Structure formats: C-alpha cells, structure tokens
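Undergrad: Listed here are the chains, written in short residue letters.
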Amino acid sequence: MSTLVTILVDGVSYASWLFIVALGLTLVFGVLKILNIAHGSFYAVGAYVAASFVNWFAGWQLPPWMSIIALLCAALAVAALLAPLVERGLLRVFYGRDEVLLVLVTYALFLILEDVTKLIWGANPYFVSAPYSLFGNVAVGAQTYVGYDFMLIGVAVFCGVGVWWGLNRTRIGKVVLAVIHSAEVASSMGVNISRVYTFAFMFGILLAALGGALTAPMISVQPGVSVGVVIVSFAVVIIGGLGSIQGAAIGALIVGLARALAVHTWPPAELFSIYVAMAIVLVFRPEGLFQQVQARKI
Amino acid sequence: MKRLLAHPVWAGVAGMALLLALGAALPRWLLFLCTMSAANGIVSLGIVLLMRGGVVSFGQGLVFAGGGYAVALMANKLGVTDALLLTFAGGVVAALMALPFAALLARYRGIFFSMLTLALSMVLYGVLVKTESLGGSDGFNMSRPTILGMRIADAWSGYVLYALAVVVSGVLAILARIYFESARGLVSLAIRENELRVEYLGASTSRVMAANFVIAAFMGGVGGALAIMALGHIEPQFSYWTTSGEFVFVSILAGHYSVFAVFVASFILELVRSFSSAYFPNTWQMVLGIFLLIVIRFLPRGIGSVWVGWQARKEGRS
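Sequence order for the protein chains is A and B. For the first sequence, my numbering begins at 1 and goes up steadily by one. For the second sequence, my numbering begins at 1001 and goes up steadily by one.
The shape of chain B in the complex, shown without the other chains (with noise of 0.2 Å):
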C-alpha cells in the first residue's frame, strides 16, 4: 500500500477521493474557499510550470480573464452551460490567447519575461474595462452551470462546483508532475541552470519555453473558468496586474519542488485573506505582506521544500 501511495498517479487519485469524500462533510463558506483555492491554485500551477525554466510570468492575470469569460460568454450567448465542457473550453480558449504570443516570448528571460506579460494582460485590462457590451468595469454575471447534462439543485451547487474544482485540479497537477518528469520537463530545469550550454547540447530552449508558456495559459483559462463558475461574476479586475501578483505570490510560496504544495499555498492564501478581511478588514494586505516577507525570508525554496527535504532525508537514511 505504502509503496503504491509513493507513485504520484496513485497518491493523486487517493488524495482527491480523501478530498470529495471530506467534502461532504465542510460547511458551504469552507467549500467555497476550497473552490477557489483549487481554481487559483491550478493557474498559479502554471506559473510553477514557468517558474522551473526559470522565468516568472507577471500577467497570468491575461489567461485567468480570458478563460474566465470566454466561459462566461459560452454560457450567456452560446447557451453552452455543461461545467466539464465549460472548463475544458476556458483552457483552450487561453491556450488559443497565449499561441501568437509564445514564441515572442520564448526569447525573454528574468525580469523582462515578467513585464512583458505583465504589459499583455494590462492591455486585455485596458480593453475589456473599455468594452461596454461586455459590462465594463462592472462585469457581467454568467448563470449557474449544469453538469453532465443535469441542473444542479440549489443545495448541492456549493458541492457539485467543489467535486469538479478537485477533480479538475487533481488530474492536472497529476499530469503536471508527470510532465515535470519527463524530458521536456527535465530540459526545462536545465534551462533554469544554465541555457547555454542546454542549446549546446541540442535542444531548443526556446521552443520549450514557448510549449511551457501555452500549457501554463490552458491552466490559468482551466482556473478562470472554474473560479467565474464557482462565483456566478466576472470583472476587468480578473485581469488586473494585482491579481496576477497574487498568483506569483501563491507560486513563490509553494516554491517548484511539490506540486501539492502549490494547493496547499493557494489554500493558505485564501484562508488568510478570508480570515483577515473579516477580522482586520483594514489590514488585511499588511497581513499578506508580513506573511510573504517571513516565507522569502525563512523558506526561499517554497513550503514544499519542507516536505520535499524530510521525503529526501528519509529515503538517505533507509
């Protein structure tokens, strides 16, 4: 059993049943927060994805709106309203957004990788605030999806929207962890280390940062999707560059040697912001700032170098 539960395929499928069997049992105000955990967590995934080649992406906040309303629309003008089909739809939609966009890209490295993304998803800002048939500033609401084919009843919608988020997000990081075993995978660490001699060998860097960058926009518009499903709205703000650093902040956190650790972070995030806007509504950033500050600070490498180091330590001593 235990050795079966050390293959990542095995311990994700274990780890969403433990998750959807738990979630029977949470109050709706928990499931909502284990929702949008999910939903972000899956986009700040991708900046993980990125973050192994060695670049961090400033605007995923540009994939999270764009999957988010090319959902929204979907559902309000298509009367496309299945859930599954809704999500998998917000990813290719993002991924179709980020394609012109990779192989420019794939050039950049460090800080201006960041700030060119960070200027793209400004410019979707700048549009979409701008587009009054689409709501403006204010948004639009998007109604509540059906799954399978069925209507969701109003007391199993908290439910129903929790089931997919982990399913949804357990599959991905699944294929996460396998894609960051395999070759491109590995490659892309090795860029991290030292490009040069990674294109010496023989292998295009940038065609591997252009592919990283279009599988971490179908995970942010996969998150979109899920996020705008799960709070019934959706507003410019998605795209906004605070959004974004949120989801570099959720990554930095986690840190890229743990694929949970990117839930766990993003579970984090959320229960600070929720506990902190209800108990200090006025300081709740400065919360999230001294937070931040002690994690860079006291683990640089991301929570999930903690258990990635005992996991280490323990197969040393055996």
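For reference, chain A alone in the conformation it holds in the complex (with noise of 0.2 Å):
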C-alpha cells in the first residue's frame, strides 16, 4: 500500500514539471508547426539561469521566500531575451518549410545552444538547493514526502488551467486559436500572423524555462540535462498528440507513472519504461490520444 502511495507521488511529481515542460513544447508546436528539438535546450537554460539567480538572490541577504521569486524571474529572463532573438533572427527564415526540415533547424539550435551554455557557464555542476527546502515536509501516511513536490503539482495544474482558460475564454486565445486553424484566413481577417507566432514561441519557451528553473533545485545543474529532457517530453506530446492541452497533460501522466512503476518495482526498466509506453500508445493510435485524424488530401 505504502508504496503504491509512493508510486502516486512520486509519479505524479514527476509528470508536473514535465508537464509544464511538454505543454510549452506542444503549444508551439500547435501554432508555429515546429516540433522543437531546442525546447530541452530552453529548459536548460532556464535551470542554469534559475542557479545564476538564486545564488545572486542569496548574495543580498533576502529573506528565503525570494528564492522562489528568483526562480520565477528566470524563467521570464529567458522567454523575454533569448525566444524572441531565436524566432525573429533563426526560425523567420525557415518558416513553410518541410516539418522535418524545421526539426533538423531545431536540431542545429539544440547543438549551438548546447554549447552557449557551456561557454556561459562552465562545464561544473551548479547546485541550487536552498528552495528545496522551503515547503517543508508533508506525511502522507507512513511516509513523508518533501512539501516542494506537492507545489510542482499546483503549479503545474495552474499552468495547464491558466493556458487553458488564456485560449479558450480570453480575445488573443480566440485570436490564437484562429492561427492555429488555419494562418491564411486569419491573417486575410487582419491578425497579425509574425506576432502571434512571436508570442506563441514566448510563451512555450516561458514554460519550458520555468519548467528548469522549477527542477533546478532538485538536480544539479550540469551540462546533459537538456539531452534528456527533449526525448522525454517528445514521449509526453506524441503520447497525447501533438498540440493538445488535455493531451499533454495525460501523456506526462503516463510517462510520470510508467517511470515511477518501472523505479519502485523493477528498477532496469527505468530507462525505456517511457518509450515503451509510447510505443504502446502509437501502435494503438497513431495520431496520439488526443489527435483528430487528418483528412488525407488527393
């Protein structure tokens, strides 16, 4: 019993972060048509940023709370400087090529930006620990579990409502939505095509980032983590189909699940127990979950 209520957590805590990480992936996906491979490369930026703040944070005697605040302003350091020169000055050019094509460009931007970090900050580990402990621990039954864990998941629930609510009930939702639907007629209905896709690629790279920053107290910062990130969240999106909401919100709780199961019970399989679920989920629909099926054109 107590381990299934392990699983659970620690599951379920896993498939937050992921969560915001994979919806960033899966709405620019939706918008710009760009299956992104850089979008782990973002998420390693915001971890390193996140460190680089903290630490800044902490040289000024502020009381422990701000560290949160620090994290939180990583993630919009990345998503206000570094998205918008990759957008406008890299992807602009590429627009309207093949699919595939454009994931080789993201392929070269995962590479570059690989070694930007590098360059910036070294190739030793940072470690950022201090908002770790800032929520305590929580019991649930026998065992404890740390309090940070269970603000992932309310973060994580905040931002999938929020993006949510954002599309569907506010006007540049609407007008977002009308993009992703179909760019011709909404730019032929006088919206302004560049800036959405400007704002949509901000925004999932926001996700992304804060997705890192969120993690980077839980993991030593070092250079690999984006390497893993990428394949991981491709799992969750494809699993739910690419650029659906709900979808990434079932396919992070599958992989967060599988990953947990795998750990907790037979710990080889940890690796490929997300692959493996993935697989599973494509032989049976290949669209992903939540994918309407495309009319195949003559």
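These are calculated hints, taken from the structure and not from any lab test. Misleading hints may appear alongside valid ones.
Quick look at which bits of chain B chain A covers, simulated, 3 or more residues with Cβ under 8 Å [said to hold, decoys possible]: (1) 1105-1117; (2) 1126-1132; (3) 1241-1247; (4) 1284-1293; (5) 1296-1307.
Everything numeric in this text was worked out from a predicted model, so none of it was measured. Yeah, the Cβ is synthetic: ideal placement off N, Cα and C, and Gly gets one too.
Put the complex together from the two separate chains, hints included.
TA: Dropping the structure here:
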C-alpha cells in the first residue's frame, strides 16, 4: 500500500514538471508547426539562469522565500530575451519548409545552445537546493514527502488551467486558436500572424524555462540535462497527440507513472519504460490520444 | 571511356579503385577518418533510401547499435573473426531486428515515423545501459578481426579496414543506385510526391515502405559492423538519439539526389568534427549546428543537388 502511494506521489510530481515543459512544446507545435528539439535546451538554459539568479539573490541577504521569486524571474528573463531572438533571428527564415526539415533546424539550434551554455556556465555542476526545503515536509500515511513536490503539482495545474482558460476564454486566445486553425484565413481577417508566432513561441519557451527553473533545486544543473528532457517531453506530446493540452496532461501522467512504477518495482526498466509506454500508445492510436485524424488530400 | 564512366556501376568501380590506390598514400589518422565516414555513410545511405519515400528515421541508432553489438558478440563469444563475414552478419542481424517492426512502421508518415523509430532506438539504449553482462554504459572491447583467414598485422590494420570499408560501401552504393532506378525505387519517389495516387494506381505503398525500412536497417547494421571493427570498442551511445541525429544530419546535408554525395557529406562531418574538436574543443557542436543551418538555408536539397544540377544542365545543352 505504502509503495502504491509512493509510486503515485513520485509519478505525479515527476509528471507535473514534465507537463509544464511538454505544454510549452505542444503549444509551439500547435501554432508554429515546429517540433522543437531545442526545447530541452531552453529548459536547460532556464535551469542555469535560475541557478545564477538564486545565488545572486542569496548574496543580497534577502529572506529565503525570495528564492522562489528568483526562479520565476529566471524563467521570465529567458522567455523575454532569448526566445524573441531565436524566433525573429532564426526560425523566421525557415517558416513554410517541410516539417522534418524544421526539426533539423531546431536540432542545429540544440547543438548551438548546448555549447553556448557550456561557454557561459562552464562544465561544472551547479547546486541550488535552497528553494527545495522552503515548503517543509508533508506526511502522507506513514511516509513523509518533500513539500516542494506538492507545490510543483500545484504550479502544473495552474499552468494547465491557465493556458486552457487563456486560449478558450480570452480574445488573444481566440486569435491564437484562429491562427492554429488556419494561418492564411486568420491573416486575411487582419490578424498579425508574425506577432502571434513570436508571442506563442515566447510563451512556449517561458514554460520550458519555468520547468527548468523549478527543477533546478531538485537536480545538479550540469551539461547534458537538456538531452534527456528533449526525448522525454517528445514522448509526452506524442502520446497525447501533438498540439493538444489535455493530451500533454494525460501524456505526462502516463510517462510519470510508468517511470515511477518502473523505479519502485523493477529499476532496470526505468530508462525504457517511458518509450515502451509511448510505443504501446502509438500502436493503437497512431496520431496520439487526443489528435483528430486528418483527412487525406489527393 | 567517358561514356563508360557515365554508367553508375563502372563509375563506382573506378571510384573504388581510385580510393584503394589513394589509401596507400594516406596517413594513418586520415585512413581512420575515411573508414569511419564510409561506415557512417552507409547508415546515412539507408536514411536517404527512406527519405526518397518521404520518411526520415530518427532512430537508425537502433540498427547501427544492433549490428555493432551482434558483431562484437559474435567475435568475442562465438569466435567468428572474419571481417567480411562479420560485416555481412551485422547487416543481417540488423535487418532481422527491423523485420518485426517494418509492417507496423510502414503505416506511419512524417513526424510520427521519425518519433516511433526514435522511441525504438531509445528502448534499445535503455536496455543496453542496464545490461551488466554487456558492460552496461561502458560497453566492451572487441578484438581485431581477421580477413579471409589471415591475421592482420599491426602496420596494415588501418589500411585493411579502410579497404574493407571502401569496398563494402562502394558495392552498397552501386546496389543502392540500381535500387533507386528500379521500379520499386521509383515508386518510393512517387509515394513521396503523392501517396494516395500511387495506391489508386495499384501499388502497395505499405509494402514498399516496409521493404525500404528493412533495406535501410541492413545498411545500418553493416555500417555498425564496420564502425565497431575500426573502433575496437562498443557502447550503448551507439543507440542514443544524438547518434541517430548525426546520421540524419548527414542525409540532409547530402540530399536524396546523389548516392556519392552521402559519402562526401559523411566525410565532411567527420572532418569538421575532428578538426573542430582539436582546435575548438568546447565549441565543435556549435560549429556543426551553424554549418547545418547554412546548408539548410542555402542548399535546401543537399550538396548532391549541386552536381546533379550541373549534370542536368550539361545534358540539356548537348
């Protein structure tokens, strides 16, 4: 019984940061039709900037809860500075190309960012465990869990509901939905497509960087964190169906629980449990769980 | 003579003879570089074969590692040491590995094909890392192979493996060229253009795609076998997604217009990699990334399109 609770808590808290990252990925795909391999790099940059910010803030003798603010500021800084640079400076050149070619463009971006982070932050790991202990411990049954994990779940729910609400209940969201549906028609109705693209890309990167910033206290931030995240978040959005918010949520839960189940029952399967789950879903639902089948054009 | 060389088979044989003669004069490091680019080039040739049908595999690391591990195990555990036999066996094992998935994958297109192949290669990676008897994440070493029953002397090992890589990749390149111009090869191109029309015309697209996948897997296995014999060491990294990414990188660089371009692109990648890791060890990935962006921007159909374009213009004029 207690293992079951542990699997659930572990799985859901893993799923929650994963959902935040994958939500950004699915949003960028939905609007820009780009499957962004470099998404993991933005996650890594978010984690690095968060590590730097937390250390700066610590230098100013601020109260400990400010370290959370530092994490949020880090994510915002990445989204505000790096994202427009990449979208306007690089991706814009390649819009309208074949989708697999666009994947390669982001692969190139991934390679570049990988070295840029190494140049800026060096190869040594950073540790920012300060925010992790902020939320104390929570007892569930006989076990205690770290409060930070539950905070993560809250943030993930907030992000998911926020994005859903923003897309379906606000004017900007309606415009974005129109662009997702058909960029051409939206453009002819007077929507400034290029601004929507930049905005959507920035928002997607904000979520990636936020995911990175929030996990920074739980891991050692070092070269190579991006590589694993890319593939796992791909698995999430592929399971859920590209471009679907509910899909990302269910996908993250499936991946998180599959991994937690493997870790606590049969550890050798940890690495591939995720991909096995993805392969099983794809065999039965080739387009993912929440993707509508597209009509074939002659 | 000129007309003779225009035929792909003779052009390929002449190219192989030239490379074999040239190899005797090359320094050891360059021989190794050429061997690796030939081995990796064969894997990318498999991706190009798939690309002609409109799909890109992001998981050729699966068959690359599959062939490599099979060869290393055969050499260490079964005592099979003949390099030619091992190369062929690597290809066959990889093709057998791909066979059960071929029918399934043949239904997928675009990003879904790429992602599903990626998932398969990552499953193999996960299994390999956790298998202690295969050395876990460190992998294991393989002893040097023999060729045609003879032991290879130290001084000659570089050249013999180079020659083997040149001959095998040359033969596969010629076969690929013949396949590209066969009926099924041309149907692949048609599928890329418009799948539904091909089906209405009575061809089975899924059968063609499945066959392409298995052939590409065979090539991946052969490439893996050659690579591990040159390296003498194998590790799960062979199946990691960044390895597969490099194979895709080469195929995009080459484009799907010329078989020869694949090996040129593979050589360029090895060259850029080894030079930049020697001169700017911390930024060689950045160099690769920028290079890839420039190619996609200015040569969207790959470097092969350059001389295929020349040829077309020349023929148009005469």
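Undergrad: State the violated hints by number, sorted upward, taking the hints as numbered earlier in the document.
TA: Checked against the structure, no hint fails, so every one of them is satisfied.
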